[in-house]
Structures are given as structure tokens and as C-alpha cells.
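S.K.: What follows is each chain in one-letter form.
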Amino acid sequence: MKLAIHHGTTYRYADQVRASIQYLRLTPQDSPRQRVLDWALELPQSAHAQRDGHGNILHVLTLDEPHQAIVIKAHGHVEIDESCESESDPGSPLPYLCSTALTAADAALRTFARSVCGKSRDRAALIGLMERLYQHMPFTPGATRVETTAAQAFALGAGVCQDHTHVFLACVRSLGIPARYVSGYLCAAGSDQLVSHAWAEAWLEGAWYSFDVTNQLARPERHLKLAVGLDYLDACPVRGMCRGGGQEQMHAQLQVVPQQQEQAQEQ
Amino acid sequence: MVRSTYDEMYDVRGDCRAHYRTFARWLAATPAEQLEQRRREADLLFHRAGITFTLYGDDQGTERLIPFDTIPRSIPASEWRKIEQGCIQRVRALNMFLSDLYHDQRIVKAGIVPAEQVLANEGYQLAMQGIDLPHNLYAHIAGVDLVRDGDGTYYVLEDNLRTPSGVSYMLENRKMMMRLFPELFAGQRIAPVNHYPNLLLDTLKSSSLVDHPSVVVLTPGRYNSAYFEHAFLAREMGVELVEGADLFVRDERVYMRTTAGPQPVDVIYRRIDDAFLDPLAFNPDSMLGVPGLLAAYRKGNVVLANAIGTGVADDKSIYPYVPEMIRFYLDEEPILQNVPTWQCRKPAELSHVLANLEQLVVKETQGSGGYGMLVGPAASQAEIETFRARLKANPAAYIAQPTLSLSTCPTFVDSGIAPRHIDLRPFVLSGREVRLVPGGLTRVALREGSLVVNSSQGGGTKDTWVVEEPTVAAESREV
Numbered sequence: 001m002k003l004a005i006h007h008g009t010t011y012r013y014a015d016q017v018r019a020s021i022q023y024l025r026l027t028p029q030d031s032p033r034q035r036v037l038d039w040a041l042e043l044p045q046s047a048h049a050q051r052d053g054h055g056n057i058l059h060v061l062t063l064d065e066p067h068q069a070i071v072i073k074a075h076g077h078v079e080i081d082e083s084c085e086s087e088s089d090p091g092s093p094l095p096y097l098c099s100t101a102l103t104a105a106d107a108a109l110r111t112f113a114r115s116v117c118g119k120s121r122d123r124a125a126l127i128g129l130m131e132r133l134y135q136h137m138p139f140t141p142g143a144t145r146v147e148t149t150a151a152q153a154f155a156l157g158a159g160v161c162q163d164h165t166h167v168f169l170a171c172v173r174s175l176g177i178p179a180r181y182v183s184g185y186l187c188a189a190g191s192d193q194l195v196s197h198a199w200a201e202a203w204l205e206g207a208w209y210s211f212d213v214t215n216q217l218a219r220p221e222r223h224l225k226l227a228v229g230l231d232y233l234d235a236c237p238v239r240g241m242c243r244g245g246g247q248e249q250m251h252a253q254l255q256v257v258p259q260q261q262e263q264a265q266e267q
Numbered sequence: 001m002v003r004s005t006y007d008e009m010y011d012v013r014g015d016c017r018a019h020y021r022t023f024a025r026w027l028a029a030t031p032a033e034q035l036e037q038r039r040r041e042a043d044l045l046f047h048r049a050g051i052t053f054t055l056y057g058d059d060q061g062t063e064r065l066i067p068f069d070t071i072p073r074s075i076p077a078s079e080w081r082k083i084e085q086g087c088i089q090r091v092r093a094l095n096m097f098l099s100d101l102y103h104d105q106r107i108v109k110a111g112i113v114p115a116e117q118v119l120a121n122e123g124y125q126l127a128m129q130g131i132d133l134p135h136n137l138y139a140h141i142a143g144v145d146l147v148r149d150g151d152g153t154y155y156v157l158e159d160n161l162r163t164p165s166g167v168s169y170m171l172e173n174r175k176m177m178m179r180l181f182p183e184l185f186a187g188q189r190i191a192p193v194n195h196y197p198n199l200l201l202d203t204l205k206s207s208s209l210v211d212h213p214s215v216v217v218l219t220p221g222r223y224n225s226a227y228f229e230h231a232f233l234a235r236e237m238g239v240e241l242v243e244g245a246d247l248f249v250r251d252e253r254v255y256m257r258t259t260a261g262p263q264p265v266d267v268i269y270r271r272i273d274d275a276f277l278d279p280l281a282f283n284p285d286s287m288l289g290v291p292g293l294l295a296a297y298r299k300g301n302v303v304l305a306n307a308i309g310t311g312v313a314d315d316k317s318i319y320p321y322v323p324e325m326i327r328f329y330l331d332e333e334p335i336l337q338n339v340p341t342w343q344c345r346k347p348a349e350l351s352h353v354l355a356n357l358e359q360l361v362v363k364e365t366q367g368s369g370g371y372g373m374l375v376g377p378a379a380s381q382a383e384i385e386t387f388r389a390r391l392k393a394n395p396a397a398y399i400a401q402p403t404l405s406l407s408t409c410p411t412f413v414d415s416g417i418a419p420r421h422i423d424l425r426p427f428v429l430s431g432r433e434v435r436l437v438p439g440g441l442t443r444v445a446l447r448e449g450s451l452v453v454n455s456s457q458g459g460g461t462k463d464t465w466v467v468e469e470p471t472v473a474a475e476s477r478e479v
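Residue numbers (this note's numbering), protein chains in the order written: chain A, 1 to 267; chain B, 1 to 479.
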């Protein structure tokens, strides 16, 4: 499947921003599952690219002239191989056993993971975990915030893709399986609509397998991967700070050609 | 249980050791009132100089003076040379270990250190993967904690490779002793330590590939318990003391804001933990760090001393492997010994530990500062049971060691002079070469019988002397 992507994010500030700096992870890379045909970022100012510790392509955008809005655009074409089930990786998966503040498993999460998976640690067990998890915390926009931890979201029994992924990571790592956060785009089935999305990957039998809790998908069909990390903070497309600026308003636009002007929807 | 204790000043027969004789004669000849008056003077001077520290967990944030004891800890020069060589060897191996871990992981592939223990360690930083550091140096400044058992053998208790502190006390204690008792320094050859700031600056400068690099000291600020030391070292080196807000990143370069405009920064001697260095890469709530710093660092545009991710090598669960690291990387036998260590993550070792808690010291693998530690022989039954429960709940978080007796050194206490337990922290600087100033910081447990020397736990400090042993000619000379 070939995807044409236009992703625009506009940050508007109530007051003038004196200076800002952003870490951008908005550049997909080739893998057995996705082939990047062309890709470009449009930024208010040229930014250097480097690789971060997870191997993601990171652009560092520094703006030191006063500004009241930042517009970040990404567009390109990517070919997805839907038949690809897993991805190998020459690096060690072991660092992805570590938990972070957002993905720490509390007693409730550990108990839940064990009760669902028993002694099994295979893909079927994790698919079972994914299903039970979604039953426990249905997709509920507005119930959580970006800083909500896995344990908090699990206790609430609600969340969005970020929370589903964090909870899944906490459970899977507590079972001794390396797992990581993936941020990217999802082309919803049967439509041309594209959404910013997050899902998980777990290391099974020497390769990374995807688990999209929110969409109950164990096979990444329409997923375009942008970045991986230990949690949202490591992998999120845009992470920035500014001096001054007051209240921030973010407006994101995602389109997939040919359909125009689809409103972006954050899952 | 009777345990023999090694005393630094007196041998088992009660005779004064050779390297302490000059001092002992002076002590016997100096009137008690005069000593008492000088000690009061020392307290006053330390207060005036502002050497105080804030105790964590003290809600009042009270600044406290670390007690200074005027009886020095003295080490014969021949003994020091062995300690020095041992520390150099150890820190070289630890730096090679860190470089290996963040590159080829040869030591893991060779099966010497289990992969999971290092790579799934909280101290292992993915952010360090895929970058090369100048001269492959990670721990530019290391503090190696040494203690002596009953027969006087030195053991390494732990390696401090993150932001070891205490060197300002080493320097100030010496200054104080020279001021109060100049006659002691005239009568024997005591190795100087006052060139430490020069060596530190030289080490920091040599860590950069830039000609004439600009160096700053980055502090979390004046509420940090070691703020005095940060300010002290910056002043002694003649470099700027900065907080995160004084620095910024533009085009992946670090600059300092000054009244004369932005000034580039090449080397940051940072006294901030990894998690707080860059809010865009680590803890997002950190107000202490510099947004963008990690990107500048990974690009090779700034040196951090110490590097990010050194904590994986001074974790107490990695400590048992240091002798093997020395053999693996240097093909040498360790000069300094490790304390035998039981790793509670191994079921057989855990059951041994649980069966012998009354005799052992139990420590958290990630702990420091003497918090979260059980000293079996000194603990109450309730404390032991608390630890037993913690060990069973999370065995991998603990290691255990035999309770070393720790050597003693005569120390002024309320009732006069009495032996108190001490340790030693030499500071090891790795730049073009690996260097130490002679001695280090001696900490003393002021409570009778206590084995915990940490200042946060009521420890004091002493001046540490490395003395050339008196020749026959020097021996006959009166002070």
C-alpha cells in the first residue's frame, strides 16, 4: 500500500516567544515493512538532522528570533508492505526492559499481566493481553492527559493510544519481555484518513512484533513508523520548550491524498 | 563476636607506627588546652569559610557543619604508591568497560558480564549508544572508596563514577591543618594536595578536542547539598559557575549568556544527575538542565564530565565484576581487592544472605550516601526483619557483603581521644593520563563503634597525609 502524507502542526502562542527549541522525530526510515519513496520537512528555519540513541532521525530546531507561532510540516510518500509481520534488529533489545516514570508497573499491572499470560510468554499470550487490556480500558478521549502514567491510566480504566501503549509496555516488561513505544501514523481501515498514532513493539523470537492495543491489531498493516523509544517522551514526534509565549495552542493537520482537508484526529 | 580491628596509628602491641611517630611526639608535647583552643579555632574558621552542607530529608534545610577532626589520617608513602597504582588501574578498566558497553559490548559477548545485568540496568543510557567520546573517556573524575579490614588489607568498597563529591573537604582540611599546626608540616615531608584544582582543570581541558576550550562548572544551584563544593571548585579553577538557565543551545552548540553576549562552552563539569541534564531528552520537569544539551553532546560539540550513563559501571550489582574487567581489558591482576559480594538476584546467594543477615551488610544496588543500607551486627531485630521482607520482595535490588571491621584512627571525642572507624576516598582524574593527588578524603564515623562514615549519617572528616617514612637520620631529629 502506498501512502501520501501531509502532516502539519501549528503551535500558536498567546504572547511572543523569545526563543524556542524543538526535538523533532518526524522522519520515517526504511525497514522491511516500510519504504520511504520521498520525504521532506518544512520548518521555519533549517534544522540539523542527527540520530538519537534509539536510532531515530532527530531534527533539532532552534528559533531565537521572537515569534508567535511555529509551523512544522512533513510530507512524502511511503510504501507499506502489509505482509511483513516482524522486524529484526542488530542491536540488543535488553535496554527496552527498563521501565520509565510513565511506564512503571505497579502491583495492579503486574498482577493483571500475570493473570492474563500465566506462564506463557509467546505472541499468542501478548495478543490475549492486548485484548484483555482493551476491555479493561476502552478508548476514551479526554480521560487522561499527556503526563498520565501507565498505572494511573490502568486504574482509571480509560485512555487513548498513548495510555494503551504505556500500559501494554509496563505489563510486557514486567513479564521479562523487552518492549518499546512506537510513534507514527495510522491510515484507518476503509478510509483515506490518517491519524497520529502510537503502538507497541515487543521482542519475541529474535524480532520486534507490533501490538496496536487501540485498534486490536497484532499485524501492522497501515502503520507508518516514525520513531521508537522507552515511552512517549522518547519517541513523540515533537518535544519542545520555549522562553516566554504564555498559553500554547496546538493545531495539527493530517492529510492523505487524494482526500483533502481531513481534520486530524489524535487517538 | 570479637573482631580484630586495624588501627592506623598503633600496632597490636600498642606501639606507634613509624609514619605516625613524629605526630605522636608532637601530640604528647602539646598541652591539651592548646589543642582544645585550636580545635575551637578550626570550627570558627570553617563556619566563616562557609563549608557547610544541607542534609537530605531535613525539612528545615538546616545547613550543618561537617565535623572536622584535627588528628590526621596518615599513610606511609610506600603504601600510598600501591593504592595509587590500584586506583589508576581500576579507573582505566572502568573507563574501558563503559566505552565497550556503549560500543561493541565485547565483555558481554565474552560471557564475563551477563548482558541483562548491564543492558537492562537503569544506569545504562540508550542516549549514549552510537556516539564516540574524545579519548574514549567516560568517568573523568572518579572517587574510589577504600576501607581496611582487620589485617590492614585495603579493599575497594565502591567506585563513584557519576558526580563524586567531597574533594573540597580534602583541600580545606589541609588548608586548615597548615594554618592551625604549621609546625607539623615543617618537621616532616607530607605530600601536598593543593594542586588538585590545577589537575582538575587540566583534565577537563584535555577532555576536549578544541584548542583552548572554555570550561564551566554546572551546578543544580545553591539548594544542592554540595553547592559549596561546586562554587569552591569553580573559583579555584578560575572558571564560571553556571546554572542551567545560564546556558542555551543554538545550532547544536552550547553557549553561556554573558553581559558581553553569548560565549561558546566546550566543556561542562556538571554536578547534575543524568536525568536532569536536558528536559527535552530526560526528565521533562527538570528546571536544572539545558534544553537541547543532549543533541549538542551527541553531535560532539560539547564535553560533559562525567559522561552520561556512567552509573551503569558503579552500580553495586556490577561491582563484583570489576576484577574481571581489569583482567579482560588490561590483562593485569587487580592491585586492589574487592570486598566479597553476594548478589541477591542469584537464588543460592540470596538464601545465604537471608540466613546470615545478622552478620552482613546489605546495600541497595542503586543506593548511595549510606541510605537504604543494613549493617547487620549493629541493627535491631526489627530492622533486620524489615530488610528481610525487602530482600524477598525485590532481591535483584540488593547485594550483601561481610561486615568489614574498618580500620580506626585516633579521634577527638567528648571523653578525650578514642579510636573511630574511617574510610578513604581518593579522587582519580582521567585525562591524557590518569592521575591522583596523594591521599584523598578521609571520613570518620564519629559515633563509637559505628561503621557508617557518610556525612549524611553523622560522619566527620580528617586531613589525609601521605608521609615519606622517616629515615634513620630524620628519626633522630626532634620536632
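If you're looking for bench data, these hints aren't it; they were derived computationally from the structure. There may be inaccurate statements among the hints.
Computed cross-link-like contacts, DSS-like style, restricted to lysine-lysine with a CA-CA straight-line distance of at most 30 angstroms [unchecked claim]: (1) B:Lys175 - A:Lys119; (2) B:Lys299 - B:Lys392; (3) A:Lys119 - B:Lys299; (4) A:Lys2 - A:Lys73; (5) B:Lys346 - B:Lys299; (6) B:Lys392 - A:Lys73; (7) A:Lys119 - B:Lys82; (8) B:Lys299 - B:Lys109; (9) B:Lys299 - B:Lys82.
Have a look at the derived ranges for each label pair, beta carbon to beta carbon [unchecked claim]: (10) A:Glu87 - B:Lys109: 15 to 25 angstroms; (11) B:His212 - A:Glu147: 17 to 27 angstroms; (12) A:Arg51 - B:Asn194: 37 to 47 angstroms; (13) B:Arg81 - A:Arg51: 24 to 34 angstroms; (14) A:Ala101 - B:Ser4: 26 to 36 angstroms; (15) A:Ala143 - B:Gln263: 40 to 50 angstroms; (16) B:Ser4 - A:Glu147: 33 to 43 angstroms; (17) A:Ala108 - B:Pro402: 19 to 29 angstroms.
Residues from chain B shown here face chain A by an in silico Cβ test under 8 angstroms; the list is partial [as the list claims (entries may be wrong)]: (18) Arg21; (19) Ala24; (20) Gly86; (21) Gly111; (22) Ile112; (23) Ala127; (24) Gly130; (25) Pro134; (26) Asn136; (27) Met287; (28) Ala295; (29) Arg327; (30) Tyr329; (31) Leu330; (32) Ile384; (33) Gly449.
Backbone N, C-alpha and C define an ideal beta-carbon position, used for all residues, glycine too.
S.K.: Please flag the earlier hints that this structure goes against, numbers listed from lowest up.
M.R.: Failing hints, ascending: 1, 2, 3, 5, 6, 7, 9, 11, 13, 14, 16, 17, 18, 19, 20, 21, 22, 25, 26, 27, 29, 30, 31, 32 and 33.
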